[in-house]
Amino acid sequence: MRDKSGNLHAGAIVGGAALVVALAVVLALFGGRDANAVEPPADDPRVQLTLAETPAHAAHDLTINAVWAERALRADEEDQVPVADLPVIKGALGYAPHAAPPVDRDYRAHVQVELEVVEKVMEIADGVEYRFWTFGGSVPGPMIRVREGDYVTFTLQNHPSSLMPHNIDLHAVSGQGGGAEATLIAPGQQATFSFTALNPGVYVYHCATAPVGMHIANGMYGLIVVEPKEGFPAVDREYYVMQGDFYTKGDFGEPGLQEFDMLRAIDEDAAYVVFNGRVGSLTGDNAMQAKVGETVRLFVGNGGPNLTSSFHVIGDVFDRVWLEGGAIVNRDIQTTLIPAGGAAVVEFDTNVPASLTLVDHSIFRAFNKGAIGSLVVTGEADPVVYSGRIDVRPYHPEATAGY
Amino acid sequence: MSRLAAALLALAALAVAFDARAETAHVAAAAMVQVTGGEVALLFPVEGEELATVAPFAIDATPVTNARFLAFVREHPEWAKGAVPRIFATEGYLAHWGEDGGLGAADPDAPVTNVSWFAAAAYCEARGARLPTEAEWELVARAGERLADGYLEPGYRERVLALVNGRAPVPGPVGRGELNAYGVYDMHGLVWEWVFDVGAALNTADSRSAGDRRLQLLCGGGSAGAADTSDYAAFLRYAFRSGLSGDYAGGGLGFRCAS
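Residue numbers (my numbering), protein chains in the order written: chain A, 1 to 403; chain B, 1 to 259.
Same shape as in the complex, but just chain A (with noise of 0.2 Å):
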């Protein structure tokens, strides 16, 4: 038998899984637009319940799900503003790694996004050349960054000295192929269409013209990203790192313009597995800074084209990652899966001085493929949280064992 204040624990665990039911009900029920049949939620009990009995260290987390949860039952009357009549502005793009700059506006706006299709031949490693397809000239291509329930006007330009034809499919987007339909393009042409951004989160966008698999391969990915309506939480840093794999006939490091090889792409045997596009991106003078007592947001994606990211930060533990680049948020992580054609978002509090190295964890990519990046955090040390070494001397089991 169990003591009263046992009880009354078990009492609460039972109390809170229901709750859970009972948001995951009330989301279900009410998750849609319709005015009509939404509460507004602002003093729901549930809610209030919910960030009032969280504790201390856990209530940066839960008010993201409890906003998120409230996102879903508040009625929101600027989804009734007309399209008409939202103000226009021009969409902001972030260069890996630097992340587009956060969205800061509590209102919806109509985004006007234009992103150029650029074939160019670049390093993939010092020595080696790529004949790489991007967005915006660059591998990955620019992040762009929405609010939710934005109406965006999407422009796609095929600059004229492209020898393919190319288009894009944003997974933001709900309709046929994500734009791509759309936005099918010889060189020389462009193409637009308006969506809405109906669901937030952080989403990739790639190339989907056929054979699809070369254009990614080719390095035609990027990540958009749909804050949602209240926002991400203010960070001290935000970077954007995107994984992708390299199929080249010449095995890694080979020097001199490397061709594109179909069959390895199609044994999804890489030769190079990097973090934006280039061996080297992320390290040596390219890595990314950070301050101790800082948290930092990485925006992660991977653009594949085949191989499932097992991305890790050596030397920190990631607070939060938003598990997908979803909605739910997790803690207290040391490697999240990102799947090819899709992202993640993870932060973490930079408690010491050290140099993280980012990787995939499924390790030999690191060190022998490419997947490694650096974040140098500088400070002052804290040697409660982490002492360094503290000694070093010789070690002769034989002499303690008494053999």
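Below, a list of computed lysine to any residue pairs in the SDA-like style, where the Cα atoms sit at most 25 Å apart: (1) A:K120 to B:G189; (2) A:K249 to B:E153; (3) A:K90 to A:N199; (4) A:K249 to B:P154; (5) B:K81 to A:P160.
Some chain A residues flagged as far from chain B (calculated, every beta-carbon gap over 10 Å): (6) E227; (7) E254; (8) S310; (9) R331.
Going by beta-carbon spacing under 10 Å, a handful of chain A positions derived as facing chain B: (10) R131; (11) S162; (12) L163; (13) I185; (14) A186; (15) A210; (16) V212; (17) G213; (18) K249; (19) E259; (20) L263.
None of these hints come from the bench; they were simulated from the model.
Yeah, the Cβ is synthetic: ideal placement off N, Cα and C, and Gly gets one too.
Assemble the complex: chain A is given as a structure, and chain B must be docked to it using the hints.
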């Protein structure tokens, strides 16, 4: 009539070419090559027509050059740069030529590009010829170095893909690239080429829905109805065609004629 007329036209074309510049023997090879017809498996066969039947035909041994197209334009000024109505060609029409309507810096021996379907078809018609059909073009494109069916030659798919993927942004002279078993040059390594029935190949721009030829060229579903999912060069060709409209005039797209 046609044989004599074609011969005369070829002679006339040759004379024009010689007039334009001292021509190489390679460009003289622009005479037509006879192709025995046959059956060809298109990448996206129409249901019930897994093999397209192609009657015997003739096709240009090389793409039409800038010099030859200039001669055509001089005889048919309605197709001159700046004279063509926009419905027949976008503003990119002959953009690489000089402003005076001459070749400017363009290589006379390079394939003419920045030509619309309408202009290409008019050129062929003026020669008493026509654009090749997709099936004809694909039949010739499928030839290997020694065999009419290149698929039977080891490394054919990889070789063709490398040719397509390794094209120079500005194409060089015709007749110096790959030569196939029919005696036809440059099917893959120089430029894309118009076909007569490009509209019939117009798959819609999103192809992940399997089963419908019009919905086959984009994303993963593009492979669902394909005859050979490892012929990436063919995917590139079909995808290119599916993005085209007849007025399109782009730098990487030329043509050759058939009859």
